[in-house]
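A.B. asks: The chain contents come next:
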Amino acid sequence: MPKRTDIDKILLIGSGPIIIGQGCEFDYSGTQACKALREEGYRVVLVNSNPATIMTDPEMADRTYIEPITPEVVERIIARERPDVLLPTLGGQTGLNTAVALAESGVLARYRVEMIGAKIEAIRKAEDRELFKRAMESIGMDLPRGAFARSLDEALAVVGSIGYPAIIRPSFTLGGTGGSIAYNIDEFREFVAWGLASSPISEILIEESVLGWKEFELEVMRDVKDNVVIVCSIENMDPMGVHTGDSITVAPAQTLTDREYQAMRDAAIAIIREIGVETGGCNIQFAVDPKTGRMVVIEVNPRVSRSSALASKATGFPIAKIAAKLAIGYTLDEIKNDITRVTPASFEPVLDYVVVKIPRWNFEKFPGVDERLGLQMKSVGEAMAIGGTFKEALQKGIRSLEIGRFGFGADGRDPVDLAALRPEERDAFRDDVTSRLRTSRWDNIFYLRYALLLGLSVEEIRDLTAIDPWFLENLKEIVEMEEEIRLHAASGGEPTRDLLLRAKRMGFADVQLAHLFGKEEPEIRAARKRLGIVPSMKTVDTCAAEFAAFTPYHYSTYDGKETEVEPSERRKILILGGGPNRIGQGIEFDYCCVHAVQALREQGFETILQNSNPETVSTDYDTSDRLYFEPLTLEEILNVIDAERPEGVVVQFGGQTPLKLALALEAAGAPIIGTSPDSIDIAEDRGRFAAIAEKVGMTPPPNGAALTVEDARVIAARVGFPLLVRPSYVLGGRAMRIVYDEMALEEYMRHAADASPGHPVLIDRFLEDAYEVDIDAVADRERCVIGGIMQHIEEAGIHSGDSACVLPTYLIRPEHLDIIRRQTKAVAMELGVVGLMNAQFAIKDGVVYILEVNPRASRTVPFVSKATGTPLAKIAARLMVGQTLAEIGFTEEPKPRHISVKEAVLPFSRFAGVDGFLGPEMKSTGEVMGISPTFGIAFAKSQLAAGEGLPMAGTAFISVNERDQKNVVPIARDLAALKFDLCATRGTALALDAAGLRVKTIPKLTEGRPNVLDLIVNGEIDLIITTPLGKTSRADDAAIRRAAIMRKIPFITTLSAAAAVVLGVKALSDSGMQVRSLQEYHAAAATRGAGAPTHGA
Amino acid sequence: MEHAKALLALEDGTLFEGEGFGAAGEVGGEVVFNTSMTGYQEILTDPSYSGQLVAMTYTEIGNYGVNAADAEADKPHVRGFIAREFSRRASSHRAEMSLAEYMERHAIVGIHRIDTRALTRLLREKGSQRGVIASGPGLDATRDRDRLVAAARAVPDLSAIDTVLGVTTPRRYEWRGEPEGAGGGASGAPGHARGAAGPTIAALDYGVKRNILRSLAATGARVVVLPAKTTAEEVLDLDPDGVFLSNGPGDPRMATYAIETIRGLMEKRPIFGICLGHQLTALASGAETFKLKFGHHGANHPVLNQATGKIEITTQNHNYAVEPESARRAGYAITHWNLYDGTVEGMRHRELPLFSVQYHPEAAPGPHDSHYLWGQFLSHLGVRDR
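As given, the protein sequences belong to chains A and B, one line each in that order. Okay, so the first sequence: first residue is 1 according to our numbering, each after it adds one. Okay, so the second sequence: first residue is 1098 according to our numbering, each after it adds one.
Treat the hints loosely; a few may be bogus.
[Claimed, not checked] Cβ-Cβ distance ranges computed for the label pairs, FRET-style: (1) Glu460(A) to Ala1238(B): 35 to 45 Å; (2) Arg426(A) to Glu1275(B): 46 to 56 Å; (3) Glu39(A) to Lys1390(B): 29 to 39 Å.
[Stated by the list, open to error] To be clear about the criterion: a stretch of chain A counts as covered by chain B if any three or more of its residues have a C-beta under 8 Å from a C-beta of chain B, and this derived list gives those stretches: (4) 99-112; (5) 258-267; (6) 556-563; (7) 611-623.
It should be emphasised that the hints constitute simulated quantities derived from the structure, not laboratory data. By construction, the Cβ of each residue, glycine as well, lies at the ideal position given by its N, Cα and C atoms.
Excised from the complex, chain A in its bound form (with noise of 0.2 Å):
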């Protein structure tokens, strides 16, 4: 069937910022929709609150609003635009519910919207639980047992016919949010009454456990003419219990006959065909029973998902853009398969490689969460990695996570060595593995390791983990591997051809086997070049090879026989990625590299990208000429230099990743361009920079470094309290804090030498009160143009990664900026950077200080280049190859006019019982922006995309620091003024009556009850201003932070903030919100003549 002629325009809802359960992989399908559609001829209207997508950038779609994704916001965006059709399905569990609301409110049939890819009827069949049991029975479909329940009292008869553990899964909720397992009715009725509150229609599904039973996930498509295709299957190696996107996954499934498999697929083509999905991608979840094959559903998606990204990753099946045209009415046979060009849509990939899929855990960032996995996704990124067996895959995707590891062990970062146990310390210790893998964690794979190692059978280990035997013997394979070579080494024995090689193809790393052999990684690499072990470059084609391929997506593996990759003759700069999304590390780096990929591309070269992050577009097969999937290692980078020849490597935009190997690849002969290496090391290193920042006219706040607790006092006395300190060496404010006395100093300097003993750690005066600055500016070894100057909101000492901002700035007296743009522009010359910079500053007391200087991509640029509309990364990208600012035509700051407003958005309510404390350690995992002529619309549509929305009325309950108490009546004055009741903690209340203002005194926590947490937990507060100063008030808030964030109340800590949510709810009582497209501010800003190349240029 040929595609419709009766639309013209068609509504996209994007998902938002990214939060742990729905991460960049929606980018990566929105992306795909969009260009699909827009090939198609189709006019695209993009909504999406996520400014650090590649989807939101303006020349993505013909009109994109970065506004929250509300139902409200989205039906004034349909009022303005009238779109024919909207398209539910792409933008995740945010954009499917927000469809849903939509449709059930009556905006679609007022405004004659029709949905397209799943109908309203599809989408409830699938979400809601109790719709969806009835369809699978209905079509003869085995369920766990189970029932609904809406109460507690409803929930325990349930229990009682099902027994224990039972599972309980809220309705309607993201990435198993609130689900848990109950072994117990203290568990059961505590766990009953959290999934009730998580589910937004207070429903949860009581459930039969499949604890440990096998699970499985199929990639179904289906068109308008009821054509159906598998694109891939999966295999948990982690059992039924942990959720899929903390389990270790791996494509095709590994253990099923052909038998149970089509079994499975004529399940699969069933469901889909019951539930309704009419067009597009569908996931579905099966558990199966290893003991009897029983096969049971567990869950069905309709729409692209997380699992989805992996699987058109893991085939070269693009099931998004393939969705998006099946929604517009193509069939499944009318489409091409772009990797063979000659063969349709319409087919099943076949795999002749192993993919393993390993999630990317943070828990060091929240001390004290629950950090075993369940039913509840905790995971916060992922990496895939391609091999030939299961066994390379594996090892190569541990080292893709970039923790410090670089295979399954066996690497001399293993913190037990067995070796080295005395007998009785080897029993306790084999007591401990045992126990420790009764239970599902993180780091288990590594503890399989040692269970293997201590002489534990497969058996005993299914038993004690429930993991498929089969992937259990491959583990066991490899470790014998690792024994074989230790014996080897252990008599005296070099590196021979046979023991590399048949290590190499179990995926060993050159660093284990350096470690093994005790030899450096170099020699490893040495010897095995003379001996002739290089890795092949195969293709991933969809097909086994039964066609030629001409899409170049490509991965290493150790066969021997042939290298499918010639290097061209083109011009080509290799882009390093930046591996697994994390905090700190998320998706704006990708953003970057995407950015660096296109412009160079646009400039004729040759664009080879590596990376191993399955949900990013940066993966995407066309985003660059060249793709390969590989681990973001010294080792495989060298591999990809030596198959490619590149003139130039990228360093600068993959976050850091690639950064830390900078040094290493220079000195191994790689053609870094851009800022140098070592100008990188200068930024870094706080003595080298200490130099520069004086001899640009810098000034750091007052600071030393301490090797003892002597030396900290000292510093300490000098520069006085408070102080921020940190180890050296480690990044991204890692174990960064602020320390009010010095019995708080000298506890932290006593865990510091013990954590890394001879490692100095870095103390510098905390610079209390101050305004925060980010800037990100390019410059060429001519000049420097700054990009743009944001202003946190946030109070100083929270990281800028967890910081609102505002662009233009809008406290900061204009002398200050001056001196800001005169010393980045200088300390950019200084350190001959070329391409990004990113500053931040500090201003208290009239004096401005240098807090740090990155000459590299920042996390702002994507929001910088959306406010101004200038692609930064783009233009930096030129720079790196050679072009001036000069001749880019960029040597202006563009001064945009409208007001552009950062939010930090957070994962705590994603870990119960975990402080929301923020400070100098960053926690945020996405961001989102919010644009309006006026800065109380920008900031209260950023606090309302960031799922905040601002109260309209109620009470606010202020608690502040006695300086603050004269500076928060005006702003008190104004909630009252817009009808807000207003309560105090005492000291403030005081100031408030002095004033003249009504308000309740209320007691703190420690001066009786019922106090400010009880009214926060009666849902009494609607909202809280506190600004507590010191280190006993800190503290005391934790509790009232806690309850806050669990029932979502906004939450203030600064009067800066406090007088942006006054501004943000009087605009929006006075004049409410507005939306508008990014293209119409840019036009808007360009007709005024700034001078500055939009985006796209």
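Starting from the structure of chain A, add chain B where the hints point.
C.D. replies: Chain B in isolation, oriented as in the chain A frame:
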């Protein structure tokens, strides 16, 4: 035997060095690749692979072991088996033995830890190759290369011999379900009770897969399996309601006796043919067949059903195909097309109750999208006045 050396030599002189798996020894045959990711046991026991060396393009093979129920014949027919990595452990509640044990027991010589993708690309570019797998102690790539390549070149060309006679049943029998110890019904087919009242189907066995017999029986029919050389008269003596022509190995033109038989039945009984049976039907009607460059061997080929406009994902295993123009001239309408290369996948006679498909509706291994064909055949059986 853990790291026993094994070599694969091709007639073009290429040598792959790997490790042995299964039985040791030396075997020759035509080398073909199969892209199915599941179902290696069905492939090993498919009589259509008689005399061939099969390379699996998926890299992890043997993971779930071997069980009697998934066999497509009473013994394996593949002569040599090639994979990137054979599993040393069988992990499945259905497994009765490991693949290694099975291959040893049935003298299937295996080689693994070679670049099977390079092998596949070679077969794709150069077309089918004859080859030899040698596995065992004392092999040396340098020393044995020339000898093995010569042996590969000496492997008889499959199109010059009649391989059907090596795999057909020696005597007539009625299909009464699985033989001893091999339980389980048709993969994916609904289980119907075989009633005495059901029609009788005469199934000519050119190397029939069990799942075909299971699937025919599952429609309620009585299935009588006949040797390949059964004559038309002998078939008609049984007074069947319909005739089924099975899959099988080799060049269809070699099976002249089968072509003769089919010619004698065409106007007398409804006929349904699969794979080799489809090619033989074409030849019996005067249409032509030709050899494909490297054949179709997999479980993911899209086939367009001309009548419904829908796509079926199909199992394929053939090296020869029917030439469409000659089929049209012989009175056929082409009903199914392969969307990969545009070859004929199914045809129906414009006047006679006669239809056939090139692919495998019985799957095993593969998708069940084409199961409707069994019912379609059954509905044809009413065409004849009883």
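A.B. asks: Give a verdict on every hint.
C.D. replies: Here is what the structure says about each hint:
Between Glu460(A) and Ala1238(B) the beta carbons are some 41 Å apart, a value that agrees with the proposed interval 35 to 45 Å. Between Arg426(A) and Glu1275(B) the beta carbons are some 51 Å apart, a value that agrees with the proposed interval 46 to 56 Å. For the hinted restraint 29 to 39 Å between Glu39(A) and Lys1390(B), the CB-CB distance of approximately 34 Å keeps it satisfied. Against chain B, the stretch 99-112 of chain A contributes 0 residues with a C-beta closer than 8 Å to a partner C-beta. That does not satisfy the three-residue criterion, and the hint is violated.
Judged by the Cβ-Cβ criterion of 8 Å, the stretch 258-267 of chain A is covered by chain B as claimed, because 8 of its residues qualify and three suffice. Remark: the stretch 556-563 of chain A is confirmed as covered by chain B, as 4 of its residues place a Cβ nearer than 8 Å to a Cβ of that chain, reaching the required three. Judged by the Cβ-Cβ criterion of 8 Å, the stretch 611-623 of chain A is not covered by chain B as claimed, because only 0 of its residues qualify and three are needed.
Hints 4 and 7 from the list above are not met by this structure, while the remaining hints are.
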